[in-house]
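Colleague: Since the structure of chain A is provided, determine the placement of chain B on it from the hints.
Quick note, the sequences are listed as chains A and B, same order.
Residue 394 in the numbering used here sits at position 326 of the first sequence, and the numbers go up by one each step.
Residue 36 in the numbering used here sits at position 18 of the second sequence, and the numbers go up by one each step.
Derived from the structure by calculation, the hints contain no laboratory data.
Check before you lean on any hint, since a few could be wrong.
Just so you have them, the derived chain B footprint on chain A, three or more residues with Cβ under 8 angstroms [as the list claims (entries may be wrong)]:
1) 192 to 200
2) 240 to 254
3) 260 to 267
4) 271 to 284
5) 313 to 324
6) 377 to 390
Virtual Cβ for every residue (Gly too), placed ideally from N, Cα, C.
Here is what each chain is made of, one letter per residue.
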Amino acid sequence: MNDVIDNKCLVCNAPIKFDPKLGKFKCEYCKSEFTAEQLKNMNDEKHSTEKEAIEDEYLIYNCPDCGANIITDKETAATFCIYCGNTSIIKNRLTGKFAPSKIIPFKKTKEDAINAFKKLKKGRPLVPKSFVSEKNIEKITGVYIPFWLFDVVIDGSLEAKGTKVKHWSSGDTRYIKTDYYEMIRKGNMKFNKIPVDGSTKFIDEIMNTIEPFDYSELIDYNHAYLSGFLAEKYNVEKEESYEIAKNRALTSGKEIMLSDMTGYTNKTVKSNNLEAKEDNTEYALLPVWMVNVKYNNKYYLFAMNGQTGEFIGDIPLDKKKTVIMGIVSFIVLFLLVILVSYIIYKVGNN
Amino acid sequence: MKKCKLFLILILSLFININSIKADTELNLISSNEPITKTRTKENNYGVNKHWIINDNNLSNVLSTPYVDSSEKVYDFANILTEEEEKTIYTYSKEFMDKTGMEMIFVTVDMPYSYDSKNEEYAADFYDYNDFGLDLEHYDGILFLRNNYSADRYYDMYTFGSAQLYFNQNRYDDVLDTIYYKISHDDYVNGFKAFKDKCLYYYNEGIPSTYKHSYIDENGFIKKHYVAPYFIAFIISLVITIIILIILIKKNKMVKKATEASEYIDKKTINYSIKEDKFITSRTTSYTVSSSSGGGHSSGGGRSHSGSSGGGHSSGGGRHG
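Pulled out of the complex, with its shape left as it was, chain A reads as follows (with noise of 0.2 angstroms):
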């Protein structure tokens, strides 16, 4: 049985890749374009693979275009050979347990990922000029990151305090009259798919910050989708991550039916008696650009939704700029006011 399996074209046998912008599977040699169900069966049938393990951390397979060495890590489902470029799926990461049920394929491509970084400087003073240069990037990587997917019921009841104050004046008399009021709200209502980073490769405020997806694209898996891209599998058990999508859940939760508390000057929550149950989950493959960027010696991780653009990532201060910009800023505004002091007196004095 093949462990590893390649994406090949129907016509001319040459290494075939998903093509993001057209949705479909293009071979560059021949041109032939091929959709995910055409391929469907084509992976278990010509290339066999030997697989050797060297130690926990890393195991060695065998091109199956090539014959050279590739060295992976465990939780690598989807990889290239570096000396032919075959996109290298290494079947069993991603069958059992491990089988993905949906995936979101890439709709943006490297080169999307490149422009988005050059354009971090827009509308951002402080960047360092040669910081958004292409030359720091180190490297761009199209990446499949296993995502939980948890569907949370939230159950249970919510009681505040509340005070409505009105204010109001007769003659030389002023009133306030504060009404207090107890309210409760007691029902149940439903988050879909709450996304959790199965994977400890990745920095969880990282993956946050890309969401949402746009789960109407959200297709069944077809390992198809992983050819011309990294894929990793999950290595944070459901349990785990749930935890995260639980609390985001009742946070969440506890805001909507203090929100559905209107016409209140103050609101405090007294008792809170929401509970989470977990309703339906789905292991899915989500697509990410991960661009490494070198700049004066430090490494700087950015990652862009593959599906949306939503480009993110710290990028480092100009200092000198900083310093610039405050001092400017404050001789600016310290000048402006006497300025408008010096107006104010003079249509005050005419």
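Modeller: Only chain B this time, still in chain A's reference frame:
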């Protein structure tokens, strides 16, 4: 011959009587102490020797204002002071003028009024349309008015020219309150003495901080010199600069941990089995905002007002009693 003698005696006695009547009349005039007034005519510019422009709007005010000898300083139209008292009060005025270079005028009237402002109008016209402070830069001086109108006795002080700068509302209140008992008990000599002493005290104290950066313009109004608010500008600029920098720095820090899931809520599934807002209790509090300072004081003092002459002056706020 005898008839002729009798006739001479009659003529002589008649002459003596006439002279004694005349002497009585002169005595009566002196004892009433009425200020001597002069006549305002077009030829003498209606007695106005200051730079005010006399026109149709203020001519009636000018003509209705007594034209007095400005050297007298004490004008007892209400006839409530004896000649001796007038002389004593005159020495107070003289002392004040010698020490400060400003006029100090005492005026008493018996004038019906409905509003305090009528007293102020009278005082302003009296000062502006007579030659008080004529040789001073801004006609600087203080006028004390006592209205002895029996239905509502009243007194107030009015400042003109640079004298306005020496009195803020607190000082006006202090002067007027200090003399309240004496004036309301018709002890005018001591009352005016205390008035003069308080005014001298505040003159020696100097211009209060309220008017530290003020000056009197050519029409006698208090105007403020421009003082650049460096400290306020420093604080405002610093705070706004910090806010701007924080906003710009935050633009470079895009990575955030997600703590909520509001964008994943299926709104159709929100279902409440209990939705109750229960009224518990109500509490009403009130407080009074009073614009008056109490104690029968009138407000409105301490600001430059315009008289019918167009010149500025300030008033203390007045006291009834």
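Colleague: All the hints need checking, so say for each whether the structure fits it.
Modeller: Against the structure, the hints:
no. : hint       : result
1   : 192 to 200 : holds (count 4)
2   : 240 to 254 : holds (count 15)
3   : 260 to 267 : holds (count 3)
4   : 271 to 284 : holds (count 8)
5   : 313 to 324 : holds (count 8)
6   : 377 to 390 : holds (count 7)
Hint compliance for this structure: no hint is broken.
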